[in-house]
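> Residue numbers (my numbering), protein chains in the order written: chain L, 1 to 104; chain U, 1001 to 1104.
No lab work stands behind these hints: they were computed from the structure. Errors might be hidden in some of the hints.
As the list claims (entries may be wrong) - Straight-line Cα separation of at most 20 Å, DMTMM-like style, residue types lysine to aspartate or glutamate; simulated pairs: (1) U/1097 - L/99; (2) U/1097 - L/66; (3) L/97 - U/1025.
As the list claims (entries may be wrong) - Far from chain U by the CB rule (all over 10 Å, computed), these chain L residues: (4) 27; (5) 32; (6) 75; (7) 91.
Claimed, not checked - Beyond 12 Å from chain L on every Cβ pair, some chain U residues (computed): (8) 1024; (9) 1030; (10) 1037; (11) 1038; (12) 1039; (13) 1040; (14) 1041; (15) 1058; (16) 1073; (17) 1076; (18) 1078; (19) 1080.
Nothing here was measured: the structure is a model prediction, and the numbers come from that model. Glycine included, each C-beta is placed from N, C-alpha and C at the ideal position.
2 protein chains.
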Amino acid sequence: MIEPAQTPPPPYYAVIFTSTRTPGDNGYGDMAEQVLELARQQPGFLGFESARQEIGISVSYWASLEAIQAWKENAFHRQAQARARDWYAGFRVRVCKVEREYGF
Amino acid sequence: MIEPAQTPPPPYYAVIFTSTRTPGDNGYGDMAEQVLELARQQPGFLGFESARQEIGISVSYWASLEAIQAWKENAFHRQAQARARDWYAGFRVRVCKVEREYGF
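Isolated chain L, as found in the complex (with noise of 0.2 Å):
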């Protein structure tokens, strides 16, 4: 369940990814299932948002750029993104410091 993410007050970080998906599935729900599992456990994790119609963006946010950083290199995650032309027709990665939030 996706579910609009509860951050705290800024500054802190988010990943904007924005994507277009291969034809098939080609495992790609389970790598993407497994991958945020994992993610959640990373220090400095914040939270993460995702919606995909005719293209997908997902953001994740995170306390720093170390974070964000140590998420990169993680093993299994490196394992993830040496598959990305499986998956994907194209994507970018935005990283980005939030200044301000406000809403209900």
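Take the given structure of chain L and dock chain U to it, following the hints.
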């Protein structure tokens, strides 16, 4: 048609809009289309991405904080903002500085 945004080299800004909808359309579809069309015409607008499943995630990209502020204060946009509770059970707006970008 929503496609991955083609943005310039960082730094630039992103506004991550995460929402859950109220039941029914209540004029939402028409409003969303008009607001997006207008956003595309604003100075400093760089791109837009959106997807909705359990939650909706829309990301707009901007050249500067000033461009974001001017868009927030746009008269038609303010009319839409005033009706937020008709359309959204909840939303968060996160204003972010994009520091790094990569992908294929």
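> For each hint, tell me whether it holds in the structure or not.
Hint by hint, here is what the structure shows:
1. U/1097 - L/99: holds (7 Å)
2. U/1097 - L/66: holds (17 Å)
3. L/97 - U/1025: With a Cα-Cα distance of about 33 Å, the restraint between residue 97 of chain L and residue 1025 of chain U is violated, given a limit of 20 Å.
4. 27: Residue 27 of chain L is indeed farther than 10 Å from all Cβ atoms of chain U, at 20 Å.
5. 32: Holds, since 13 Å exceeds 10 Å.
6. 75: It holds; residue 75 of chain L is separated from chain U by about 20 Å at its closest Cβ, greater than 10 Å.
7. 91: violated (5 Å)
8. 1024: holds (19 Å)
9. 1030: Fine: 19 Å to the nearest Cβ keeps residue 1030 of chain U off the interface.
10. 1037: Label holds. Min Cβ-Cβ 18 Å, cutoff 12 Å.
11. 1038: holds (21 Å)
12. 1039: Answer for residue 1039 of chain U: holds, closest chain L Cβ roughly 17 Å.
13. 1040: holds (17 Å)
14. 1041: holds (22 Å)
15. 1058: Given a closest Cβ separation of 8 Å, the condition is violated.
16. 1073: holds (15 Å)
17. 1076: holds (20 Å)
18. 1078: Holds, since 15 Å exceeds 12 Å.
19. 1080: For residue 1080 of chain U, whose nearest Cβ neighbour in chain L is about 15 Å away, the distance exceeds 12 Å, so it holds.
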